[in-house]
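Okay, here's what each chain looks like letter by letter:
Number of protein chains: 2
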Amino acid sequence: MSNERTEISSLGEFGLIEHLTKNNETKNASTILSVGDDAAVIDHYGKQTVITTDMLVEGIHFDLMYTPLKHLGYKAVIVNLSDVYAMNATPAQITLSIAFSNRFSLEALTEFYDGVYAACERYGVDLVGGDTTSSQKGMIISVTAIGEVSPDMFVKRSTAKNGDLLCVSGFLGGAFLGLTILEREKRIFAETGAQPDLEGQDYIMSRLLKPEARKDIIEFLEEAEIMPTSMIDVSDGLSSEALHLCKQSNLGCIIYEEKIPIHESARQFAYKLEIDPTACALSGGEDYELLFTIAQADYEKIVKNENISVIGYMTNAEEGKHILTKGGNKHELVAQGWNHMKS
Amino acid sequence: MSNERTEISSLGEFGLIEHLTKNNETKNASTILSVGDDAAVIDHYGKQTVITTDMLVEGIHFDLMYTPLKHLGYKAVIVNLSDVYAMNATPAQITLSIAFSNRFSLEALTEFYDGVYAACERYGVDLVGGDTTSSQKGMIISVTAIGEVSPDMFVKRSTAKNGDLLCVSGFLGGAFLGLTILEREKRIFAETGAQPDLEGQDYIMSRLLKPEARKDIIEFLEEAEIMPTSMIDVSDGLSSEALHLCKQSNLGCIIYEEKIPIHESARQFAYKLEIDPTACALSGGEDYELLFTIAQADYEKIVKNENISVIGYMTNAEEGKHILTKGGNKHELVAQGWNHMKS
Numbered sequence: 001m002s003n004e005r006t007e008i009s010s011l012g013e014f015g016l017i018e019h020l021t022k023n024n025e026t027k028n029a030s031t032i033l034s035v036g037d038d039a040a041v042i043d044h045y046g047k048q049t050v051i052t053t054d055m056l057v058e059g060i061h062f063d064l065m066y067t068p069l070k071h072l073g074y075k076a077v078i079v080n081l082s083d084v085y086a087m088n089a090t091p092a093q094i095t096l097s098i099a100f101s102n103r104f105s106l107e108a109l110t111e112f113y114d115g116v117y118a119a120c121e122r123y124g125v126d127l128v129g130g131d132t133t134s135s136q137k138g139m140i141i142s143v144t145a146i147g148e149v150s151p152d153m154f155v156k157r158s159t160a161k162n163g164d165l166l167c168v169s170g171f172l173g174g175a176f177l178g179l180t181i182l183e184r185e186k187r188i189f190a191e192t193g194a195q196p197d198l199e200g201q202d203y204i205m206s207r208l209l210k211p212e213a214r215k216d217i218i219e220f221l222e223e224a225e226i227m228p229t230s231m232i233d234v235s236d237g238l239s240s241e242a243l244h245l246c247k248q249s250n251l252g253c254i255i256y257e258e259k260i261p262i263h264e265s266a267r268q269f270a271y272k273l274e275i276d277p278t279a280c281a282l283s284g285g286e287d288y289e290l291l292f293t294i295a296q297a298d299y300e301k302i303v304k305n306e307n308i309s310v311i312g313y314m315t316n317a318e319e320g321k322h323i324l325t326k327g328g329n330k331h332e333l334v335a336q337g338w339n340h341m342k343s
Numbered sequence: 001m002s003n004e005r006t007e008i009s010s011l012g013e014f015g016l017i018e019h020l021t022k023n024n025e026t027k028n029a030s031t032i033l034s035v036g037d038d039a040a041v042i043d044h045y046g047k048q049t050v051i052t053t054d055m056l057v058e059g060i061h062f063d064l065m066y067t068p069l070k071h072l073g074y075k076a077v078i079v080n081l082s083d084v085y086a087m088n089a090t091p092a093q094i095t096l097s098i099a100f101s102n103r104f105s106l107e108a109l110t111e112f113y114d115g116v117y118a119a120c121e122r123y124g125v126d127l128v129g130g131d132t133t134s135s136q137k138g139m140i141i142s143v144t145a146i147g148e149v150s151p152d153m154f155v156k157r158s159t160a161k162n163g164d165l166l167c168v169s170g171f172l173g174g175a176f177l178g179l180t181i182l183e184r185e186k187r188i189f190a191e192t193g194a195q196p197d198l199e200g201q202d203y204i205m206s207r208l209l210k211p212e213a214r215k216d217i218i219e220f221l222e223e224a225e226i227m228p229t230s231m232i233d234v235s236d237g238l239s240s241e242a243l244h245l246c247k248q249s250n251l252g253c254i255i256y257e258e259k260i261p262i263h264e265s266a267r268q269f270a271y272k273l274e275i276d277p278t279a280c281a282l283s284g285g286e287d288y289e290l291l292f293t294i295a296q297a298d299y300e301k302i303v304k305n306e307n308i309s310v311i312g313y314m315t316n317a318e319e320g321k322h323i324l325t326k327g328g329n330k331h332e333l334v335a336q337g338w339n340h341m342k343s
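Just so you know, the sequences run in chain order A and B. 122 is the number that this note's numbering gives to position 122 of the first sequence; each next residue is one higher, with no gaps. 107 is the number that this note's numbering gives to position 107 of the second sequence; each next residue is one higher, with no gaps.
Treat the hints with care, as some may be off.
A pair holds if it fits inside one copy or across any two, identical chains being indistinguishable in the list.
Here are the simulated lysine-lysine pairs, DSS-like style, with alpha carbons at most 30 Å apart [stated by the list, open to error]: (1) Lys272 to Lys210; (2) Lys70 to Lys137; (3) Lys137 to Lys210; (4) Lys137 to Lys186.
Hints listed in this document are in silico derivations from the structure and should not be mistaken for laboratory results.
Whole structure, please, built from the sequences with the hints as guidance.
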């Protein structure tokens with residue numbers, strides 16, 4: 001090892017991935033799409049499969065103080081299925097590896113697996129393998145999902161066109177607000193011993209603790225014969241994901257603040273905390289909705305689905321990436337992400 | 001969560017997996033083989049793929065005090081490729097997820113990835129995806145490998161027949177002895193500050209630190225038109241793996257101690273430490289050789305390959321699982337594993 005030392009924080013996660021994969025060349029004809037998208041694409045002699053993987057680390061991605069283990073197992077599967085759907089593919093198999101310290105009992109692990117199986121059942125996915133091992137500290141979960149897609153029907157991030165409409169499913173910002181209330185109640189409990197006051201906040205808590213993957217949207221797009229021109233799932237916040245589509249498609253975009261879908265329960269709770277609901281949607285993350293672009297010609301078809309909002313459109317790269325506020329101002333879109341929101 | 005508490009240690013790893021997967025039913029026609037073997041098998045409309053995953057945890061599976069990061073990256077890939085070969089398949093893609101604390105620099109991570117890419121290059125495998133994240137403590141690595149196999153040519157653990165010959169590739173016990181010397185030198189360094197004395201122990205150290213997967217054996221079997229009747233890779237020691245083949249095929253076995261292949265360097269070092277070399281082979285593990293059974297009719301073909309040893313044969317389940325010692329005694333085969341050896 002050389003004696004130089006570069007702090008990883010100086011690159012950021014995406015810079016790090018770019019650095020680590022810059023010399024990664026594919027060797028197999030069956031590898032159609034490799035790193036750099038929600039999932040890879042592998043050709044299997046006519047039919048194509050996608051593969052994606054995510055790692056969840058206790059203390060980084062989840063806090064077992066307020067995350068029921070069954071919900072955690074469910075979510076560990078969902079975050080991977082969401083990546084498969086974001087390729088316009090149907091998940092079929094997962095593998096699950098888990099490391100845990102000796103503070104976990106068999107009953108605790110069984111709860112976790114109950115959640116894993118519940119997600120597999122709901123989404124018609126098979127758990128086909130995995131690994132269980134010890135950890136020195138905490139729980140670490142690694143899930144890999146494999147999905148099927150008809151030849152060349154997978155949708156990348158890099159193929160949006162100038163003028164395409166930018167669409168998003170469901171509502172945004174709820175998961176971040178769910179995290180905010182749980183972190184607040186945890187703090188109050190630590191300071192005063194007071195039991196959590198979570199009344200009336202079922203919606204935002206379920207957005208954080210029990211997210212769903214948008215299988216229904218992929219099915220709708222197929223039925224309506226809409227082929228998205230690009231797609232990504234919303235795990236890091238709307239800003240970050242929109243910027244990924246722009247960068248990888250070499251385009252700009254305009255997003256209308258008033259069009260960003262925010263659930264009424266989330267909006268009310270944000271006001272109560274004196275947080276801007278739009279900021280929650282832009283930078284909150286973990287919503288696991290689908291952000292995608294479609295040709296303008298598909299507009300009439302898309303508006304028939306009330307679970308999809310058209311929130312803007314793609315422009316030339318030179319026009320930049322902007323959000324038009326309700327007040328009529330134009331701001332540059334920046335990816336601040338979850339960590340910035342928390343501090 | 002219920003209030004009962006069962007210690008996971010009371011089940012053992014395999015008991016735990018059995019418990020956690022006992023209600024796991026497959027739902028997709030494409031899932032041909034699920035948990036319980038070295039890898040799963042997925043049918044892709046004519047061609048079949050296998051998928052396998054392994055997690056490596058710092059402090060549990062490796063010690064960075066004596067494991068160069070480049071070797072660790074290489075080994076993290078190899079242990080998964082070995083599982084693919086153990087299915088009689090050819091690895092084609094891997095995904096890699098890694099969590100690490102902020103004590104790791106970019107240079108350190110780059111070293112690790114250099115090892116990953118070196119293994120990919122050598123085995124013709126594509127790195128097609130992954131995840132990088134923070135950990136609270138240490139480094140955790142999760143690799144998933146996907147391999148290709150001609151329809152119904154994959155080899156399971158459960159299909160050995162009574163009378164089949166039991167064969168193993170390469171040499172056994174070396175990796176355990178490599179670990180032993182490194183642990184010893186680490187202890188001496190901690191106690192006295194003396195620099196490690198590793199002279200002349202290149203062979204056993206490379207068996208631990210830079211194992212290879214037996215691609216050559218799979219290629220030989222294909223060329224020689226030998227279809228193994230069952231196969232497994234040796235990650236937990238010969239005893240443990242032979243018992244897996246017996247249990248899953250519902251058979252017994254006889255192993256001849258004198259036929260167990262042990263490298264001369266390993267044997268000499270074992271004598272120096274006053275350890276039984278046979279015990280190292282039976283319980284040491286991490287050799288990543290292939291243990292397989294063949295029909296007796298294939299004996300003439302198999303003996304042409306000097307990298308393969310015929311070490312025994314399969315019997316009826318009622319006859320039990322035994323080792324015949326050089327002294328003519330018959331002992332029951334028990335799976336003590338690596339941890340027992342270390343203590």
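Checked hints:
Taking the shortest Cα distances, lysine 272 and lysine 210 sit within 30 Å of each other inside one copy (23 Å), while across copies they are farther apart (58 Å). For a Cα distance limit of 30 Å, the shortest separation of lysine 70 from lysine 137 qualifies both inside one copy, at 20 Å, and across copies, at 24 Å. In this assembly of identical chains, lysine 137 and lysine 210 lie within 30 Å of each other by CA distance both inside one copy and across copies; the values are 25 Å within and 27 Å between. Proximity of lysine 137 to lysine 186 under the C-alpha cut-off of 30 Å is found in both arrangements, the shortest distances being 21 Å within a copy and 23 Å between copies.
In summary, this structure violates none of the numbered hints.
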